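Based on the provided sequences and hints, a complete structural model is requested.
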Amino acid sequence: MSQRIIFLTVCGWLCLSVAASAQEAASTQAAVPSAETLKASVAPDDPQGLANLKSVVAWYVGDGKFDELVAYLDSLLRKGFERLPDVYFYRAYARNAQLDSWKQIKNWEGVYDKGPEIKTAMEKDLAQAEKFTAGRPDMALRIAFLRWLIASQDDPETAAGLFDGLVSKAKSVPAQPETMALIKEMADSLSSYEDKNLSRRLYEIYASALKASGPGPEQLKKAGQDFVQQKNIYLAKTLFEGYLEQFAGDPEILAKETVLIADKFAHQGHEEALDPVYAEGLYQKAFDLAGQKAFTAPSQYSRAFNLERMKDFEAALKEYGKVLSDYPDFSAPAEVEFRASVLRAYAIKDIKGASSSFEHIKTAYPAGRLALASLYQLGLLSQWEAKNDAAKAYYEELAASAQSQGADMEKDELVLLSRERLQEIEENKPMKYALRLFFEGIFGRAEDAKTQGMSLNVDVTGRPAKAPVNDDIVFTVTTSNPVTGCMMPAYSYEWSGETGAAANIPNSATLTTSYGAQGIKVTHVAVVGNNGLEGVAFEMIQIEKSTSA
Amino acid sequence: MAPASASKKKVFIKTLKDGHYQLIVAGKPFIVKGVCYNPIPIGKTHDYDFWNDPEKPWLTDGELMKKMGINTVRFYQPGEDVEAMRRVIADLYKKFGIRTMMGHWLGFWNYPAPFYDDQDFRNKVKADVLALVEALKDEEGILFWVLGNENNYSFSGKINPWSSERIDKMQDPRQCLLARAETYYTLINEIAREIHRIDPNHPVVMGNGELICLDVANTFAKDVDVVGCIIYRGKTFGNIFKTLKNTFDKPLLLVEFGADAYNAYEKKEDEDMQAYFLEYQWAEIYRNIASNRDGVGNCLGGVMFEWTDEWWKHGEWDAAGWLVHDTESNWSNGAYYFDIKADRNMNMNEEWFGLVKLLPEEKDAPPGQAMNKRVPRKAYYAIREFWKHPSKTSSIKNPERPSPAGRKNQR
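If you're matching them up, the sequences are chains A and B in order.
All the letters of the first sequence, read from the start, carry residue numbers -15 to 533 under my numbering.
All the letters of the second sequence, read from the start, carry residue numbers 24 to 434 under my numbering.
No lab work stands behind these hints: they were computed from the structure.
All of these numbers come straight from a predicted model, not from anything done at the bench.
No incorrect hints appear here.
Straight-line alpha carbon distances no greater than 30 Å define the calculated BS3-like cross-link-like pairs of lysine-lysine that follow:
id	chain 1	residue 1	chain 2	residue 2
1	B	K89	B	K411
2	B	K89	A	K103
3	A	K206	A	K153
4	B	K364	A	K180
Structure below.
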């Protein structure tokens, strides 16, 4: 990376637009004004002259010529610019950029040995700049921001006060588009560096100004949607909340609109949710306002699915139940029933209730893939309960149904799995080790105290949660680690259930696979340590028709 | 009354009127500003013989350490050559004023597992430690003896498990854990007593992982002088000072703490992150040393993990890997929150804890330069400044700040 690029990166937002315009100019060969030309056109009382000054600063900083920039700014002070705040500000800015460049190249001796002296000089310059900010709200804001930025590196307590000052200034400046854009730019900068709390305070000012400018509700909604696209979640939330305010007088409409906003933040399956916890908060708020009337069938499904992805299985089961009971016209009832049945079996541990639900699926939707999946689950639950005749019957019924559905009997995963189970039953063997561990972990072994007191909380998450056939799915196991310092206990990860096309199932915490057939796949994992079984988890992944098919 | 010269040599802990504990070394209060010292060169592994390295890395390191303000190093395990150890300890002390905490694993990494419930094994461990003490007790640079290092994590049976027929007969996992704890801490106590008998001048520190099982130690290891905690809690040590005061009221030395300098989420070296955590940690240590009214007053100082990076640690069985600065994390700790969103939350990079990083030496380097180059990281300077001007808030840098040169979010 060239020095120039490094320092353009270093330049940061304070000067970003300047650097961009300089680069833009550089890219259009014909119109490139040289730094010397720009310097000749710098003037204190003319907007273009100030813009030229910014460009000159960007050139120097871009080339890492901090001392030269300071010398140039010093020369301006001798040429009648002494009442121009920009000169002092840029001098402080140049010194800050110099310190940052040292940090970038890890010149820590420079930072720590010369830093204090440089900071004193910067503070002097900013104080001087501040004297001449009347009629220059933009400069007042930039000075406040830079002052906070400098303090935030050494002195959090002072920085907190300075940030309060910046916020006060931002609130008091006239809400003109340019100043508001500057405030948003500052907030974006803070947000991108993960300083969310600080960025929020500035976004609030920007959002208030936006709302105060009198946009229609639809404009606010659109602005919120735009920020969703930009993944600026906080600002999107603020604007959506502004949009919802208009419905305050009508709880039912407010609730319905709230649900629609919640849907945007909830897990939908194909990609990561924007903010599932926030979404559930909105769903709950809507429910409190208008009860079930607030929800359409898809939104009610979204709420349940969102809760399932958040691993709040009990709540998810309740919400799936509402999809089935309150929305008879919902387009995918078998899917909901299947998810609810799996949760009933492995989260609530209600074998009887789950079996009854799986029975209903195979009867009500006999021609679908979920009928086969239900038969496999019924077989498993029966086999676990040592009802081998029943289990055998379910596995055989699965094979017959699969054949009648036209499944590839040599490749279909459910068919192959049920054959494995049938063989176990016929040979009077226990379930395959990994599968047995999972069931022992879920339902416990009466004779073994260890499975009653498994010490780990284990989660498995498959991503994406909904994908076309043959797309990669990555399952990842996370565990609540016991406190063991840097010595991680050695765990073995025993995968079972529908593990898809992966040829070799690893003994590790990550499994990457794909599935050749549609349906909801139920995958399990058991985590085994020195003391035996430490925890188990399961996951449901939905495989859909290939979009290219 | 002991002669003045003898008392000058003595290292001891003074209990102040307000119940605070203060370490006295050579007649003066002493705050341990320490670093774990295990400078295994690139391409070598844990069997590297530091003590006899002809390049004498402790001379280069000692000078750098002195400039930083370090006054103590901690060795985890002695070498086999007593004379070589004496030379290193003396060099560090006489040339740089750096004192030595000499540790012993207590057979924890023996193969097969340490049989702490076996009398022969206990006798052997005890004899090893006492021979070490006998050999080095008169070295001027010795500060403490450190017994064990996180050996208590084995009590649960999850880490480096050990047991015995007697313990196996107990069915209840909790009973097994307590039995292992009692077994181990009684051994610690026996050794501590013996050390006191042959060397009354240097306190005995017990290296314990976190505060785990110290309630058991309170009963069975009363004779240790200092609790040495190995602790990784990120920005704050939390309740450790108060909890120890209330459960096992001994002086506390943080014998291993720190932060790595590799961001497993952003997949790049992150010196800001390391410096940030270390500065907060030191601020808290200083808040809890004797005579500071804001704290508990039971802390004697701290020993950072560690002086240099160690390139051998990840995949230690693969010699080719010793030449690679691995970036794959091998443990997870949510308290180090900047990179906890790394894959599977594995964010701690064992090979990247150095206050100084190592660079491979030039090929065919002449003698004296055939040593990995040391490059101090930001934390080296940040802590140097902290020690010059310790205060509760000053000098704490926030890596979250949106500095133009900062860590822009790549997400």
